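Enquirer: Residue numbers (this note's numbering), protein chains in the order written: chain A, 1 to 136; chain B, 1 to 129; chain C, 1 to 137.
In case anyone wonders, no lab produced these hints; they're calculated from the structure. Just so it is clear, the structure is predicted and the values come from calculations on it, not from any experiment. Careful: at least some of the hints might be erroneous.
A few chain C residues facing chain B, derived, Cβ under 7 Å [claimed, not checked]:
| hint | residue |
| --- | --- |
| 1 | Met90 |
| 2 | Ala101 |
| 3 | Phe103 |
| 4 | Pro105 |
| 5 | Ala110 |
| 6 | Pro119 |
Note that beta-carbon positions come from the ideal geometry of N, C-alpha and C, so glycine has one too.
Here's the letter readout for the chains.
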Amino acid sequence: MTSHRLPRSRVEPANPLLNVSRSANLPHVPGIRIGDYVFLSGMGPIDPLTGERKHGPIAEQVRTTLNNVKHMLESAGSSLERVVRVHVVLADIADIAEMDRVYREFFPVDPPARSAWSMQLRFGNGCEIECVALVS
Amino acid sequence: MREVITAPLPGLDLRRHYGHFQSPAIRAGGLIFCSGMIPVDPHTGERLHGTLTSEAHVIFGNLKLLLEAAGSSLDRLVQVHALIYDSIEYDVLNRVYRQYVANGPPARTVWSAQIEAGFKVQLDVIAAA
Amino acid sequence: MSLLRAVIAPPLPGPGAKRAFNGQASAAVRGGAFVFVSGLTSVDPATGEAIRGTTARETQRVLENLKLILEAAGSSLARVVKVNVLVHSMLEAPNMNEIYARFFPEPPPARTVCGARLPHGAKVMIECTALAPDDQP
Chain A
1 MTSHRLPRSR VEPANPLLNV SRSANLPHVP GIRIGDYVFL SGMGPIDPLT GERKHGPIAE
61 QVRTTLNNVK HMLESAGSSL ERVVRVHVVL ADIADIAEMD RVYREFFPVD PPARSAWSMQ
121 LRFGNGCEIE CVALVS
Chain B
1 MREVITAPLP GLDLRRHYGH FQSPAIRAGG LIFCSGMIPV DPHTGERLHG TLTSEAHVIF
61 GNLKLLLEAA GSSLDRLVQV HALIYDSIEY DVLNRVYRQY VANGPPARTV WSAQIEAGFK
121 VQLDVIAAA
Chain C
1 MSLLRAVIAP PLPGPGAKRA FNGQASAAVR GGAFVFVSGL TSVDPATGEA IRGTTARETQ
61 RVLENLKLIL EAAGSSLARV VKVNVLVHSM LEAPNMNEIY ARFFPEPPPA RTVCGARLPH
121 GAKVMIECTA LAPDDQP
């Protein structure tokens, strides 16, 4: 059994407009790398060109969000293919079919484990997506 | 290797007090997975309902005790799910929360969820060992 | 060297088992030292058909399926480190807990329970993280 501590460091998106932790001065970081894993904070439909919330049909919100997740993972030295767990929270559970339709474009082969459910979300967001991935 | 972190004070043994079939925390693979922490008195286990602020202070105090007993600390938090009973209290949560994670906050997702016993907040955390 | 990431094949053969997750998720994925299991709701493990009932009955079915998935991954209920339980109403948490207590051997994993709106009228959803087999780095 190893007794050394795993190295822990913050990860940030290459695109600063997606760094909501920093831009909104919130007490979290976009992601934490710990050992072989990266744990990402939940991400929402932020327009990567403006940093503003981008709403509209749920399919587009999910696409925007997953593109942001992809960017975040790549900034952290990981990728969509290395994701092991995803949490998808929807404001409206009825959106699940539309969400699935877009989701499968991002995880077409050997998809990660996933839990999807509905909760009240802030800022009128239709979705929030969080994941854990391997980095090595 | 999967190791149980036992409650450092009797009030944090939620199984004994409330029948929750869980261990306080489990250490495995260099991480510490904590059961959702609720605002209970760490000595007596008594529920300490209050404002979201007061409940959050109790929760962080309890997590500090638990993580330090496991050889970790609040500075080693990796991921938090912050459960709040209503998203309207988001700013209130942040005001308390930031006091405890000033030295390198972890990743976080806020969940607006129904929490046990009508508590306003609960923290579900993973820390590094 | 790249850390092992592997999808765990469904514990029962047939397209129904894969359909249980609409093909959008793997029931479980091994990543490094851990096995990550998707949020499971009450389904027939062979056909993927939803099986609705009381929270207690659904919890029973979910945990039976979880046991199968973990064993397919070379893991087990004893190797689970953390469980997240979502129930459609926290009023049902004691009913869930009573069934749950029959499945996990001592000492039980860490757990968080909360109430949320679940897909397809499910009463309970359970996801977990478990230790992978010790065989590979």
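Enquirer: Determine for every hint whether it applies to the structure shown.
Expert: These are the hints, each one checked on the structure:
| no. | hint | in the structure |
| --- | --- | --- |
| 1 | Met90 | holds (5 Å) |
| 2 | Ala101 | holds (4 Å) |
| 3 | Phe103 | violated (9 Å) |
| 4 | Pro105 | violated (11 Å) |
| 5 | Ala110 | holds (4 Å) |
| 6 | Pro119 | violated (16 Å) |
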